[in-house]
Amino acid sequence: MNETGTGALFREKSAWATAAVIGIVNGGALVAIWAMPQNPMLWVGVMVPAVITQIIVLLALHIIIALGTPKQPDDERDAVIRGRSTRYSVIVDTIGIWFAIIALISQRAAMGDDGPSNLLLDPMLVAYGLFLCVVVAEVIRLLTQAMDYRRSQ
Amino acid sequence: MSKTSVTNSIRMHRFMANEMTQQELADRVGVSRQTIVAIEKAKYSPTLELAFKISRVFEKPLDEVFQYEP
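These protein sequences, in sequence, are chains S and U.
If you're matching positions, the first sequence starts at 917 in the numbering used here and goes up one per residue.
If you're matching positions, the second sequence starts at 40 in the numbering used here and goes up one per residue.
For the record, the hints were derived by calculation from the structure and aren't laboratory data.
C-beta: ideal position from N, C-alpha, C; glycine also.
Check before you lean on any hint, since a few could be wrong.
In silico negatives: residues of chain U with every beta carbon more than 10 Å from chain S [claimed, not checked]:
#1 Phe91
#2 Glu98
#3 Pro100
#4 Glu103
#5 Pro109
Just some of the chain S residues that point at chain U, by a computed CB distance under 8 Å [to be verified]:
#6 Pro989
#7 Glu992
#8 Gln1069
Heads up, simulated EDC-like pairs for lysine to aspartate or glutamate below, C-alpha to C-alpha not over 16 Å straight-line [to be verified]:
#9 S:Lys987 x U:Asp66
#10 U:Lys99 x U:Glu88
#11 U:Lys82 x S:Glu992
#12 S:Lys987 x U:Glu63
#13 U:Lys82 x S:Asp994
#14 U:Lys92 x S:Asp991
#15 U:Lys92 x S:Glu992
Isolated chain S, as found in the complex (with noise of 0.2 Å):
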């Protein structure tokens, strides 16, 4: 009995890389069209690269953490640390949808009967926040859940 040592799960490996590759990518593909967000093409220009790019990167990681790790059953303990970090993620998207709905309908209180010319707010930051707000729920979701696999060793 002289394993009381663990090493790290698989989806614990993953959710760490995971957060990270999402959290740096996304973060620095909002940071580069902050400047312009007036150019939804941009967003286009941008985003599509950097969904490539998460993707041949997570690949990559997944790859490498699953040839170093030993395989372990999915189990009951993964599904309610599953639970608990969906539970955070799904506060912080409903938070930050709340807050585009509110901006939505008090812009369209503020035009009155001038139309769009009379904009307060543009859609594109309100995209842009939405944006934020989904990569911000993920990345707490990846942590949380990498942390709980972290503090239950």
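Take the given structure of chain S and dock chain U to it, following the hints.
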């Protein structure tokens, strides 16, 4: 994950079962070794089903392996 109110004597029962390893117990009940570690350290409370499975491996009643300390 903080300490739970459910404690256990899995470690002692493993010792008495011919020094069964955590991995061996994990394989027999179908969970990861990390889950057995978490249960032993009272950092994770198993479901009733898993608790019964673990007790059955040691051929002991449930309350001999798991204790509730509120």
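Going through the hints against the structure:
1. Phe91: holds (13 Å)
2. Glu98: Label holds. Min Cβ-Cβ 19 Å, cutoff 10 Å.
3. Pro100: Non-interface label on Pro100 of chain U holds, nearest chain S Cβ at 22 Å vs cutoff 10 Å.
4. Glu103: holds (19 Å)
5. Pro109: Check passes; 20 Å lies beyond 10 Å.
6. Pro989: It holds, given that the least Cβ distance between Pro989 of chain S and chain U is near 6 Å, below 8 Å.
7. Glu992: holds (5 Å)
8. Gln1069: Result: holds, 6 Å to nearest chain U Cβ.
9. S:Lys987 x U:Asp66: holds (12 Å)
10. U:Lys99 x U:Glu88: holds (15 Å)
11. U:Lys82 x S:Glu992: holds (14 Å)
12. S:Lys987 x U:Glu63: holds (14 Å)
13. U:Lys82 x S:Asp994: holds (13 Å)
14. U:Lys92 x S:Asp991: Within the cut-off at roughly 13 Å; holds.
15. U:Lys92 x S:Glu992: Measuring from Cα to Cα gives roughly 13 Å; hence the hint holds.
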